[in-house]
Each structure stands twice: as C-alpha cells, then as structure tokens.
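**Student:** Required output: the full structure, derived from the provided sequences and hints.
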Amino acid sequence: MLNMTPNNMRYAMPISLAEDIRSVTDLKRHTREILDHVHQSGRPMVLTVNGRADAVIIDARVYEKHLKAMNLGRLLSEAEVQVSGGQTRSARAFLKEFKNGRKL
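In the working numbering, the protein residues as written are 29 to 132.
Simulated from the structure, these hints should not be mistaken for laboratory data. A portion of the hints provided could be inaccurate.
What the hints assert, rightly or not - Quick list of simulated restraints, FRET-style, between CB atoms: (1) Asn78 <-> Gly114: 51 to 57 Å; (2) Asp64 <-> Gln110: 40 to 46 Å; (3) Gly129 <-> His58: 37 to 43 Å; (4) Ala107 <-> Ser69: 48 to 54 Å; (5) Thr59 <-> Glu108: 41 to 47 Å; (6) Val77 <-> Leu123: 56 to 62 Å; (7) His94 <-> Gly129: 32 to 38 Å.
Small disclaimer: the values here were computed from a predicted structure and weren't measured. Ideal Cβ placement from N, Cα and C applies to all residues, glycine included.
**Tutor:** Next comes the structure, spelled out in structure tokens:
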C-alpha cells in the first residue's frame with residue numbers, strides 16, 4: 029500500500045525519454061507542436077537548459093486531476109489520524125447534527 033501522508037504522496041506520471049524531453053530552444057521554435065504533443069499524450073514534457081532539466085509542462089486537465097488526487101490523499105490521511113486518535117462519533121450523532129444544521 030502506498031504511504032499517502034501529505035509529505036510523502038506518490039503519483040506515477042509516465043514519461044518517454046525519447047519523446048518527452050525537449051530544450052527550451054525547441055519550445056521557442058516549435059511551441060504549438062510541443063503543446064499539441066503534451067495535450068495528446070497526457071504526459072508531461074521536461075524542458076532543458078544546457079542539457080539539464082529546468083521546467084516541466086503538463087496538460088492543464090492532467091494537472092487538475094493530480095491536484096484533486098493529492099487533495100483527496102491529504103483528506104484521507106487526516107481522517108485516518110482522526111480515527112486513530114478516537115475522534116469519531118456515531119452515525120446517529122452525525123445525522124442529528126446534520127439535521128440541525130450545525131457545523132460539522
């Protein structure tokens with residue numbers, strides 16, 4: 029099982045070393061082509077400067093999905109800590125508070 033604590037979240041993002049690494053110079057010359065590739069493949073594009081990784085471009089929808097997954101992981105981790113610490117209540121108590129409109 030993955031350790032889903034907020035400080036140790038792991039999300040695999042596949043990358044093709046042959047297709048997904050380009051220089052910033054390539055980006056300047058072939059912006060539309062590179063962006064189309066990022067959108068179509070769903071994979072991130074690593075941009076290099078002087079042969080070293082400098083930045084990563086990712087499709088906005090893919091990025092949003094990863095943010096949602098990280099946030100869900102954080103919420104689940106917090107919930108596990110609360111349950112382990114005995115910070116729970118019965119379904120009956122929850123429903124009573126819910127019906128009364130109290131802040132849960």
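**Student:** Each hint should be assessed against the structure and marked as holding or not.
**Tutor:** For each hint, the structure was consulted:
| no. | hint | result |
| --- | --- | --- |
| 1 | Asn78 <-> Gly114: 51 to 57 Å | holds, 55 Å |
| 2 | Asp64 <-> Gln110: 40 to 46 Å | holds, 45 Å |
| 3 | Gly129 <-> His58: 37 to 43 Å | violated, 56 Å |
| 4 | Ala107 <-> Ser69: 48 to 54 Å | violated, 34 Å |
| 5 | Thr59 <-> Glu108: 41 to 47 Å | holds, 44 Å |
| 6 | Val77 <-> Leu123: 56 to 62 Å | holds, 57 Å |
| 7 | His94 <-> Gly129: 32 to 38 Å | holds, 35 Å |
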